[in-house]
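Participant: Kindly produce the complete structure, drawing on both the sequences and the hints.
The listed protein sequences derive, respectively, from chains A and B.
First residue of the first sequence? That's 1 in the working numbering, and the numbers climb one at a time after it.
First residue of the second sequence? That's 1 in the working numbering, and the numbers climb one at a time after it.
By construction, these hints were calculated from the structure, which means they are not laboratory data.
Every residue gets a Cβ at the ideal spot worked out from N, C-alpha and C, and that includes glycine.
Be careful, since some hints might not be right.
[Stated by the list, open to error] Simulated restraints, written as ranges between beta carbons of each label pair:
hint, chain 1, residue 1, chain 2, residue 2, range
1, A, T29, B, S246, 48 to 56 Å
2, B, L258, A, E388, 51 to 59 Å
3, B, V350, A, F256, 56 to 64 Å
4, B, P69, A, T314, 24 to 32 Å
5, B, L258, A, S245, 53 to 61 Å
[Stated by the list, open to error] Straight line, CA to CA, 25 Å or less: simulated BS3-like cross-link-like pairs of lysine-lysine:
hint, chain 1, residue 1, chain 2, residue 2
6, A, K217, B, K225
7, B, K282, B, K195
8, A, K370, A, K417
9, B, K380, A, K290
10, A, K417, A, K380
11, B, K280, B, K251
12, A, K238, B, K430
13, A, K282, B, K195
14, B, K477, A, K282
15, B, K160, A, K290
16, A, K283, B, K160
17, B, K164, A, K283
18, B, K380, B, K282
19, B, K8, A, K282
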Amino acid sequence: MLNKSKNGILFISILFFLLIGVLIGVFRTILGNPFWIAGEHYQYLVQTTSNQTLINLVYNYVVNILPQTIYLMPLILGVFSIIFFSKIAKKYLNTDLEYYTSLILFLTLPVFILSHIALSSLSLLLILSLLIVENYPKHNFLFYVYVFILSLFFPILTILVLPAFIYFAFKDKSFVVISSATIALSYLILFFLKLPLEYVWFSLPQTNEIFAFFGGKFGYTILLLIFGMTYLYSEFSKNSSFSNSLMIFYFILSFFNTHLRCIMIFVLIFFASKSISELINKKWSADILKYGAILLICCILFFSLSTAIQDTITQTPTKNHVDALKYLNFIRVNLQEGSLLTDPNYSSFIKYYSGIEPYVQTYKHEELAKTIFYSRQYSKIAELLIQENIKFILIDSQMTSGSIWANDREDLLFVIKYSDNFKEIYSKNGIKIYYFDAD
Amino acid sequence: MNDKLANKILFAFILLTIIFKIYLVLQTPSISYDSYYGMRYAEYFHENFLPMVSDDLSYQGRLSITNIPFYMIVSLFTFIIPALIFFKYIGILFGAYLIYLIYKITQKLFNNQTISLIITFIAGMMQTIFLFSLNSFSSITVFSVLFLLLIWEFINLENKSNLKAFMLFFILATIITPYSIIVVLGFIVYFLLLKFNSLPIRKSTIDVFIFSSLFSIWYHLIIYKMALIRSGPSVIWQNIPQELISLSYQKLTILSALFFIGFVPLVLGLIGMYQTIFVKRKRLLILISSFTFVFVMLLALGILPLNEGIFLLLICLILLSANGLASILEYLDLTLFSKLKKVVLFLILVFVLLNFLPIILSTDVLTASSPNLDELNTMKFIQENTPDDVTILGDVVEGHFISYASNRKNFYDENFFQMKNADQKFADAKSIFLSKSTVQVVEQMKYYDIKYIYFSKLIFDKYQNVNFLIREDSCFKKIFSTNTTEVFELIC
Numbered sequence: 001m002l003n004k005s006k007n008g009i010l011f012i013s014i015l016f017f018l019l020i021g022v023l024i025g026v027f028r029t030i031l032g033n034p035f036w037i038a039g040e041h042y043q044y045l046v047q048t049t050s051n052q053t054l055i056n057l058v059y060n061y062v063v064n065i066l067p068q069t070i071y072l073m074p075l076i077l078g079v080f081s082i083i084f085f086s087k088i089a090k091k092y093l094n095t096d097l098e099y100y101t102s103l104i105l106f107l108t109l110p111v112f113i114l115s116h117i118a119l120s121s122l123s124l125l126l127i128l129s130l131l132i133v134e135n136y137p138k139h140n141f142l143f144y145v146y147v148f149i150l151s152l153f154f155p156i157l158t159i160l161v162l163p164a165f166i167y168f169a170f171k172d173k174s175f176v177v178i179s180s181a182t183i184a185l186s187y188l189i190l191f192f193l194k195l196p197l198e199y200v201w202f203s204l205p206q207t208n209e210i211f212a213f214f215g216g217k218f219g220y221t222i223l224l225l226i227f228g229m230t231y232l233y234s235e236f237s238k239n240s241s242f243s244n245s246l247m248i249f250y251f252i253l254s255f256f257n258t259h260l261r262c263i264m265i266f267v268l269i270f271f272a273s274k275s276i277s278e279l280i281n282k283k284w285s286a287d288i289l290k291y292g293a294i295l296l297i298c299c300i301l302f303f304s305l306s307t308a309i310q311d312t313i314t315q316t317p318t319k320n321h322v323d324a325l326k327y328l329n330f331i332r333v334n335l336q337e338g339s340l341l342t343d344p345n346y347s348s349f350i351k352y353y354s355g356i357e358p359y360v361q362t363y364k365h366e367e368l369a370k371t372i373f374y375s376r377q378y379s380k381i382a383e384l385l386i387q388e389n390i391k392f393i394l395i396d397s398q399m400t401s402g403s404i405w406a407n408d409r410e411d412l413l414f415v416i417k418y419s420d421n422f423k424e425i426y427s428k429n430g431i432k433i434y435y436f437d438a439d
Numbered sequence: 001m002n003d004k005l006a007n008k009i010l011f012a013f014i015l016l017t018i019i020f021k022i023y024l025v026l027q028t029p030s031i032s033y034d035s036y037y038g039m040r041y042a043e044y045f046h047e048n049f050l051p052m053v054s055d056d057l058s059y060q061g062r063l064s065i066t067n068i069p070f071y072m073i074v075s076l077f078t079f080i081i082p083a084l085i086f087f088k089y090i091g092i093l094f095g096a097y098l099i100y101l102i103y104k105i106t107q108k109l110f111n112n113q114t115i116s117l118i119i120t121f122i123a124g125m126m127q128t129i130f131l132f133s134l135n136s137f138s139s140i141t142v143f144s145v146l147f148l149l150l151i152w153e154f155i156n157l158e159n160k161s162n163l164k165a166f167m168l169f170f171i172l173a174t175i176i177t178p179y180s181i182i183v184v185l186g187f188i189v190y191f192l193l194l195k196f197n198s199l200p201i202r203k204s205t206i207d208v209f210i211f212s213s214l215f216s217i218w219y220h221l222i223i224y225k226m227a228l229i230r231s232g233p234s235v236i237w238q239n240i241p242q243e244l245i246s247l248s249y250q251k252l253t254i255l256s257a258l259f260f261i262g263f264v265p266l267v268l269g270l271i272g273m274y275q276t277i278f279v280k281r282k283r284l285l286i287l288i289s290s291f292t293f294v295f296v297m298l299l300a301l302g303i304l305p306l307n308e309g310i311f312l313l314l315i316c317l318i319l320l321s322a323n324g325l326a327s328i329l330e331y332l333d334l335t336l337f338s339k340l341k342k343v344v345l346f347l348i349l350v351f352v353l354l355n356f357l358p359i360i361l362s363t364d365v366l367t368a369s370s371p372n373l374d375e376l377n378t379m380k381f382i383q384e385n386t387p388d389d390v391t392i393l394g395d396v397v398e399g400h401f402i403s404y405a406s407n408r409k410n411f412y413d414e415n416f417f418q419m420k421n422a423d424q425k426f427a428d429a430k431s432i433f434l435s436k437s438t439v440q441v442v443e444q445m446k447y448y449d450i451k452y453i454y455f456s457k458l459i460f461d462k463y464q465n466v467n468f469l470i471r472e473d474s475c476f477k478k479i480f481s482t483n484t485t486e487v488f489e490l491i492c
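Facilitator: Spelled out as structure tokens, the structure:
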């Protein structure tokens, strides 16, 4: 009977997820915005020339041979993630309340929604991690296959997680040996295929990336932080075991690596659901406080979910960006070839719509772009633009109202305004494109 | 001392402070510069019955979501009391209630009228507290009273009616000001101090803490969502320009603490805090010590505005001073110097009176923070002799006053929160006043569409010994002047 109701809840969860996915797509379409938001998804749709990771190659290949999958694959991965998560939650959580809470926390996570509305490496990471956890106690062949695949696609992450792996299976020497060998094999394959491990290994921690309430797309939500860390703290104060210390170590390490952060977010769900269940079941001094607290938790969850949906619906690229880039694609044959400089966050979709390479593709480019953006010296700007072969500059209203500049007459904008070498080739709906002609 | 006599003394003292405050307030024809925003809000609310979300005059027109619930409540009161009278005098009543609450809490703690009255006297005579809500009314004034009410309700938190009252006051405090987060932080420190003293944490305290934290998080997430995403943790500094941050968010040092808090409450408060944590271990005093600790930390880190932080810190220290004073008197009783008790009390009163002396001697304690008659006349002239949609540039402190009194757009004001380019505007305004290049000044004024520049005592005080180009250049015509003010029009 209980299993039936759990299956019913699982079914509702899947429906809820699909509904949100469809809702975001429908609203973006109604607003005239393209179906997919800015992100790695666009990289899989265009053939990039060099320095591709394995995940790029695979997604690129799948999209080329089965173009229909582009809409369905993220949703299918999402549905499977829910199923596997539910199986793990059933296994590892003690009470029904903990199970239901974990499912709600999982479904309302912005990172879960964002990684399943378009093709993303995170959806693959999540499902592989869940499969590994699901098969971990069995130590079967499938387990090693999943470890192998994870290691192929996310080599840096696997290295980071390896110490925890070894710790948890310390007594089973064969397990440690086979796991390590599997990971080593995947590294060898990557080495012989001359594929880069990952684009970004580590990044300096920034609050607007680590925490969802500061705008981080793949960041910790406030509820997870509070309740997850409370549980971790209470466990640590009861028993400061190595596993608890390891968890805190990984939590801190996750500030530096997005993939690890995503894994930790899902780990924290289990802790948070235990903590919330404990909170609900505890004896309160007044009922009003108990129901008030539960209501507030629901409100915070709802707020976090609705914010994520709203942000996704209005996120770039908008219809205006698409119009501008398509126009650029139309006229670029008559102009000299070169890359396009704009807000680094737009890099993902520039090539897809305009056919022109975005300038910012690496960390080094990002730093050079900043130098160009924040300089008032024409000679310096011109030298860098020629050196880096940047021919186009796209500026929109978001860039001039905080995301790059504080107003429309700062630094590079000031130079553009007073220099004849920057020719305005497009200006519509707050988006301007300039063509840089050094001659 | 019997209860009746103590009550009479308390009543007489509070009445005296009220009368003296009214006397001081009557010396100036206006209210403080920052209170004019509330006046505008109330006027807008009276006309439209809606919150002033779209402010046409601030920053030449902007969206404003700052403290809407607080100003809505205040606007409701101004239906009964005229806005000017409300903003001028309501602070005095809150100040009086604050002193009364301090008396009640110390009386509850020590059941000793002498100590309670001396502490009340110290509270009433402290410059920071005395001047804080004088001739102005802000959310922090209400918060200070709610903060003491929260402490008062905490005494009997096991009682359900007190618990409900505590929640109600907390919700109110959260709605009117983000400072309620300090209460949550205070509770965290309180739990740590209880643990340090091996005292069990009461169930009702934990429950109240959980509810308060969740409510505070939820409410602030909703209200400050955009600000949090745009500014991240620096939302704490409310988008205030760097130059002003160094003034308003000065870090607390020992010297500044001595200067702003005063010798008596600082020393007695620290003794009281020591006694609380290491000797007496009373729960309520531990809670007050926790709040003191939080205020000191936030001030030392430059997270809390100095004025407001010191004001709240002083309230906590005064409450702890009661414990300090009680401990000193108890200690003297154990020694051969028990007869010196009266001397000690006398010395304390002398110190406090010395601290208060500048207020008695000075007749113009409010002139720096409120516009004078010249300024009011100048604004009247601007209102009657300039087109409706022009922008006036003055000092940033005068922004709300300019908009209220002249009904013209201000270039900038102290409400920097969520204002794009606030830093830039502040810097450009400064350069307009100080630049020696006519071309630059004219270009910047035209860029921002500024037609008039208003020189007041604040500008002259701020830029002493500066020969303002605007006052000498032919591109600017003086259209009005008084003894302390001048108005120039851009004519080029």
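Participant: Now look at each hint and say whether the structure bears it out.
Facilitator: Here is what the structure says about each hint:
1. A:T29 to B:S246: 48 to 56 Å: For A:T29 and B:S246 the Cβ distance comes to about 50 Å; the hint holds.
2. B:L258 to A:E388: 51 to 59 Å: This hint holds: roughly 57 Å between Cβ atoms.
3. B:V350 to A:F256: 56 to 64 Å: Holds, since B:V350 and A:F256 (Cβ atoms, about 59 Å apart) stay within the stated range.
4. B:P69 to A:T314: 24 to 32 Å: Between B:P69 and A:T314, where Cβ atoms are some 27 Å apart, the hint holds.
5. B:L258 to A:S245: 53 to 61 Å: 44 Å, violated
6. A:K217 to B:K225: Cα-Cα ~14 Å, so holds.
7. B:K282 to B:K195: 13 Å, holds
8. A:K370 to A:K417: 18 Å, holds
9. B:K380 to A:K290: 56 Å, violated
10. A:K417 to A:K380: Roughly 16 Å between the alpha carbons, so the hint for A:K417 and A:K380 holds.
11. B:K280 to B:K251: 31 Å, violated
12. A:K238 to B:K430: The given pair, whose Cα atoms are some 58 Å apart, is violated under the 25 Å limit.
13. A:K282 to B:K195: Holds: A:K282 and B:K195 sit about 21 Å apart, inside 25 Å.
14. B:K477 to A:K282: 74 Å, violated
15. B:K160 to A:K290: 14 Å, holds
16. A:K283 to B:K160: 15 Å, holds
17. B:K164 to A:K283: Roughly 17 Å separates the two Cα atoms, so the pair holds.
18. B:K380 to B:K282: 57 Å, violated
19. B:K8 to A:K282: 48 Å, violated
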